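J.: The residues making up each chain are set out below.
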Amino acid sequence: MRKVLIIAWCALTRLARDKKALIILLLMPMVLIGILGAAIGNMMDGGGLQAFPVVVVNADQPAKMALPPGTPPEVADKLPVTDLGKMFINDILGSQQVKEILEVTTETDLAAAKDLVTAGKAVCALYVPPTFSADVLGGKASAVEIYGDPGDPTRTQLVAQIARSFTEEVTTASLAAQVIGPDQVQQFLHETEEQLPNVTVTTAGTKRVKAIQYYSAAMAIMFMVMTAFSRAKDILQERHDGTLARILVSPTSKAQMIMGQILGNMAIVLAQFGILMIGTKLLYQVSWGNWAASITLGTAFALAAAGIGTAAAGIFDDPRTADALTGVIGMIFAALSGSMFPIYLFPEGLKLVAKFVPNYWALQGFLDQMSGLGLSYLWLPVAILGTIGLVTGGVGAWRLASK
Amino acid sequence: MLQVKNLVKRFGDKEAVRNVSFTVERGESFGLLGPNGAGKSTTISMICGLLVPCEGEITVAGIDARKNTTTAKRVMGVVPQDIALYPTLSARENLGFWGAMYGLSGKELAVRVDEALEIVSLKDRAKDRIDTYSGGMKRRINIAASLLHHPELLIMDEPTVGIDPQSRNNILETVRTLNQERKLTVVYTSHYMEEVEYLCNRVGIIDHGRLIALGTLDEVRRLAGEDTTIRLKAARPSEQMAAALRTVPGVRTVRIEEGALVVTVPSTAETLAPLMVAAGSFKIQGVEIEEPNLEAVFLHLTGRALRD
Amino acid sequence: MHKALTIALLQLKTTFKSKGSIVTMFAMPLLLTLIFGVLTQGGGTDQTASKGAVFPVAVLDYDDSFASRRLTEMLKAEENLTVRIAASEAEINKLFADVKVTAAVIIPQDFQKQIAAGESPEVKLLSAPGGNDYQGVAPIVRWQVPRLARDYQLALRSVADGSDSAAVEAAYAKISAERQKVSTTVVTHQVTRNAVKQQTGNLTAASHASVGFTVTFVMMQVFMMSGVILIERKQGTWGRLLTSPSSRVTIISGYLMSFFLTGMVQFAILVFATRFFFHVNWGPLLPLFTMGAATVLSASGMGLFLAGLVKTFEQQISIGILFINATAMLGGAYWDIAMVGKTMQRIGYLTPQAWAIDGFKEIMLRGGSWDGIVLPLAVLLCITLVFMTGGLLRVRYE
Numbered sequence: 000m001r002k003v004l005i006i007a008w009c010a011l012t013r014l015a016r017d018k019k020a021l022i023i024l025l026l027m028p029m030v031l032i033g034i035l036g037a038a039i040g041n042m043m044d045g046g047g048l049q050a051f052p053v054v055v056v057n058a059d060q061p062a063k064m065a066l067p068p069g070t071p072p073e074v075a076d077k078l079p080v081t082d083l084g085k086m087f088i089n090d091i092l093g094s095q096q097v098k099e100i101l102e103v104t105t106e107t108d109l110a111a112a113k114d115l116v117t118a119g120k121a122v123c124a125l126y127v128p129p130t131f132s133a134d135v136l137g138g139k140a141s142a143v144e145i146y147g148d149p150g151d152p153t154r155t156q157l158v159a160q161i162a163r164s165f166t167e168e169v170t171t172a173s174l175a176a177q178v179i180g181p182d183q184v185q186q187f188l189h190e191t192e193e194q195l196p197n198v199t200v201t202t203a204g205t206k207r208v209k210a211i212q213y214y215s216a217a218m219a220i221m222f223m224v225m226t227a228f229s230r231a232k233d234i235l236q237e238r239h240d241g242t243l244a245r246i247l248v249s250p251t252s253k254a255q256m257i258m259g260q261i262l263g264n265m266a267i268v269l270a271q272f273g274i275l276m277i278g279t280k281l282l283y284q285v286s287w288g289n290w291a292a293s294i295t296l297g298t299a300f301a302l303a304a305a306g307i308g309t310a311a312a313g314i315f316d317d318p319r320t321a322d323a324l325t326g327v328i329g330m331i332f333a334a335l336s337g338s339m340f341p342i343y344l345f346p347e348g349l350k351l352v353a354k355f356v357p358n359y360w361a362l363q364g365f366l367d368q369m370s371g372l373g374l375s376y377l378w379l380p381v382a383i384l385g386t387i388g389l390v391t392g393g394v395g396a397w398r399l400a401s402k
Numbered sequence: 000m001l002q003v004k005n006l007v008k009r010f011g012d013k014e015a016v017r018n019v020s021f022t023v024e025r026g027e028s029f030g031l032l033g034p035n036g037a038g039k040s041t042t043i044s045m046i047c048g049l050l051v052p053c054e055g056e057i058t059v060a061g062i063d064a065r066k067n068t069t070t071a072k073r074v075m076g077v078v079p080q081d082i083a084l085y086p087t088l089s090a091r092e093n094l095g096f097w098g099a100m101y102g103l104s105g106k107e108l109a110v111r112v113d114e115a116l117e118i119v120s121l122k123d124r125a126k127d128r129i130d131t132y133s134g135g136m137k138r139r140i141n142i143a144a145s146l147l148h149h150p151e152l153l154i155m156d157e158p159t160v161g162i163d164p165q166s167r168n169n170i171l172e173t174v175r176t177l178n179q180e181r182k183l184t185v186v187y188t189s190h191y192m193e194e195v196e197y198l199c200n201r202v203g204i205i206d207h208g209r210l211i212a213l214g215t216l217d218e219v220r221r222l223a224g225e226d227t228t229i230r231l232k233a234a235r236p237s238e239q240m241a242a243a244l245r246t247v248p249g250v251r252t253v254r255i256e257e258g259a260l261v262v263t264v265p266s267t268a269e270t271l272a273p274l275m276v277a278a279g280s281f282k283i284q285g286v287e288i289e290e291p292n293l294e295a296v297f298l299h300l301t302g303r304a305l306r307d
Numbered sequence: 000m001h002k003a004l005t006i007a008l009l010q011l012k013t014t015f016k017s018k019g020s021i022v023t024m025f026a027m028p029l030l031l032t033l034i035f036g037v038l039t040q041g042g043g044t045d046q047t048a049s050k051g052a053v054f055p056v057a058v059l060d061y062d063d064s065f066a067s068r069r070l071t072e073m074l075k076a077e078e079n080l081t082v083r084i085a086a087s088e089a090e091i092n093k094l095f096a097d098v099k100v101t102a103a104v105i106i107p108q109d110f111q112k113q114i115a116a117g118e119s120p121e122v123k124l125l126s127a128p129g130g131n132d133y134q135g136v137a138p139i140v141r142w143q144v145p146r147l148a149r150d151y152q153l154a155l156r157s158v159a160d161g162s163d164s165a166a167v168e169a170a171y172a173k174i175s176a177e178r179q180k181v182s183t184t185v186v187t188h189q190v191t192r193n194a195v196k197q198q199t200g201n202l203t204a205a206s207h208a209s210v211g212f213t214v215t216f217v218m219m220q221v222f223m224m225s226g227v228i229l230i231e232r233k234q235g236t237w238g239r240l241l242t243s244p245s246s247r248v249t250i251i252s253g254y255l256m257s258f259f260l261t262g263m264v265q266f267a268i269l270v271f272a273t274r275f276f277f278h279v280n281w282g283p284l285l286p287l288f289t290m291g292a293a294t295v296l297s298a299s300g301m302g303l304f305l306a307g308l309v310k311t312f313e314q315q316i317s318i319g320i321l322f323i324n325a326t327a328m329l330g331g332a333y334w335d336i337a338m339v340g341k342t343m344q345r346i347g348y349l350t351p352q353a354w355a356i357d358g359f360k361e362i363m364l365r366g367g368s369w370d371g372i373v374l375p376l377a378v379l380l381c382i383t384l385v386f387m388t389g390g391l392l393r394v395r396y397e
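Protein chains in written order, with numbering that gives the first Met the number 0: chain A, 0 to 402; chain B, 0 to 307; chain C, 0 to 397.
There's no promise every hint is true.
As the list claims (entries may be wrong) - DSS-like cross-link-like pairs, simulated, lysine-lysine; straight-line CA separation at most 25 Å: (1) A:LYS139 - C:LYS180; (2) C:LYS99 - A:LYS209; (3) A:LYS2 - B:LYS126; (4) C:LYS180 - A:LYS85.
No lab work stands behind these hints, which were simulated from the structure alone.
Note that the structure is a prediction, hence the values are computed from the model and not measured.
The whole structure should be built from the sequences, with the hints applied where relevant.
T.: See below:
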């Protein structure tokens, strides 16, 4: 047993002196988590989008309600003028909220406006057609048109949403006019304003998981897998250099040696996890949830990663293959397990594949804990990860022994 | 101390070691000589338990090494052909690790590590990382690592490959001291004849997996024939000179080489003086006397040179 | 010149012979494009891309009234949602656990009654633990629910007091039909720069992924290759080259040529591979390869600069991987840079990737006219000049 510990400790010491490995396995995840958190976090947590330019062309002609023929002009004159286009520009686009997101300029010519978009000077052009007010008053369908930059679908979509809130109001008013009469519309709108249902957003757990928490977990997991493969490379390198053989020449059994390697793998991955967990907590204020739960989950994943690393050492022969695969497998596992892209968007087949990737279980486990879900949510990922670790570790040990 | 009987090792349908048998007595220094690929390392690997023989017996200090591998390993020290050390660890850390693998710990381990460093004269650089060492120094630590557990049998597999002459001499001296002063039994493999001739009292020559010669150094040397070679260096050796030398009684053969007349005689003592007289007028620039050596033996037995 | 070419070709041969290189140069970017650009988009057609992501949600209806059922139907009809009906909160939790839905809409009991009474019922939008995509679902639910409520209230007001539910329902149906007729909508079109036949539709996920990963992996390869001088120095071949009768200029030109050629070959192969496998149309070839060349040059400039600072090739590799990945993220290779906050965007535009991607998008979507790409080209060439000069100075003073 003592020899097993010594072999594991030796592995840990050697890794601690390998600057190249330390950069990739510790520095890189911390930096990437920071960037991801800052970049995506802003976006996903609803933070400050930079105001961007749009151009609006209001071709709308103000209109009055259609009157039966023969109506005296004085009555006609007293009727209110509806200028929906102007209302759109002043009340909606000119509102405080929207002004923070859109820098609105006006154009009189649609072609000129489109040119601004193609020149990259505006993200999109909004067009209120000339018969807009007239159509709405006449109870006909109409549309606000948006001409967007195809390279900027996100922001174009955002503008469309803003325009849609306007068109919704218009449609409702128009509908109300049809149904309860135009003179009732204002009152109706006013009353129902207060009475609209609330939509409250809550999360299934007790806490909302912030983007940076998500990426801390996802990246930590991805880099732990990479460490596993880096270890496989180290073990193969040892085989190549003759130090493995030297251990076997001493009165140390193969079993002790292999156990030592596996334990070394685990210790290294666990150390990495610990450092990343503490690092993200200190630098980025990431909460990992209940300490004990996180450490248990981290240990289970470390076991899985250690097992995979050992299996890789058993399967491959050339340390350079293992080295090259480190980045590849790391990224692929991460991609497939939903670490980079929300998993419910995967087609069903890929969702199934994801369940075979240990990253998936670890990530779900960590997210559950970060959401404040109870410890009962812990046992499934821990069990699965533990099993993966034991099975792959077993395969790896068997293959190493037979070499 | 070491008894190897009828060892056979096959890899697929290739026989790497064919029916090798030899014995090494306690305190002896045994050399295993042979060209690259002869089967030396395979034989050694079987003795130290890395490879399992297909057939044969191995007994180390009375222990059946095939049955009680772990016990046998405790009395053997192995210096592998690779520099099997961890480059990013210091010499002391390396030795500490390897000592631990042999079951040493605590104070005893520390003492042994110092002792081993002393033997290979590297105590002053003990704290430096192995990757800062020269090739020769690495090989010396390689040896140190095998001595920590005070083995009774030291097996060295080509321990001087690729290092500078000074380190090489240092290593040879160290091994000689270990063998003669500390009475450590040594099995030394090499393809350098001079090393084996310097260190070993008994020799085995292995070629293509088979032992083609076995015995004391003298016995084996004489397999090439009893004759000594006397080399007379001359600027322009001629057939005329050669003929003159052939008339000297006791001269067996004379041949001409570039810059020398090469004479073989059964006994230097009787023939040297008359030979010099006969060569009096030849403007001899130098005389070299070559006792039969292992190189010649190998050439004689196989028709090939020891070093390719 | 001939000697420089010889050096260049030797480097090329060494690179393309190595299996590891082939994996990192081609297999990885193509695989990642496949995963991120195609598979996870369920095909990634123009249609899918332009309507945006589709969110799976669950609906739990505690009220089971006319109004609540209508709401459910409206949600189902929404093209950015796929709806599953859940019977209980336990079932919702299971759906979350199985990652089948990202959010759940819970309609409270008395939903209809409260609307009729002029009270505000509370509709809950429950997001999956750890999920952030309620951001995409919330706006949709936030305008569907009021619309339903208003229409229902309109229906109530349009019938006489004391009418039975059947009358209300009929009125509602009429209103819904009427809504279709008077509906004012927002229609989105794409603007194209010229008549040149080019990619229609938005930047599909496959295109964006192709651009992002191609740029990243080409830059990574060139960046790391620039450190080859470190290997040669260690191997001794650099010293040997210096003792040969070739001038330093020749030697260095040879190396620079090799970086450039490797990068361009890799770029070309990836462009054609993504075109073949993923139907990505990169746009007209001349501006495309000019942009590609500028990207490759900027990477080799930076790589050479770093090689002058580090001691071993190992360091070049590890720092290179970190640097290129970090700048790729910042520069919008992995996600649309337009989506991040002000400061992050400004930082992003410090990276060559941001400019390269802008340039490629210009070529892909708007035909790549010269005044469109002149700015990114200029920036990239500046970066190249600055860093390469620095790097070469260091190489010279050895």
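J.: List in ascending order the numbers of the hints, as given earlier, that are violated by the structure.
T.: Failing hints: none at all.
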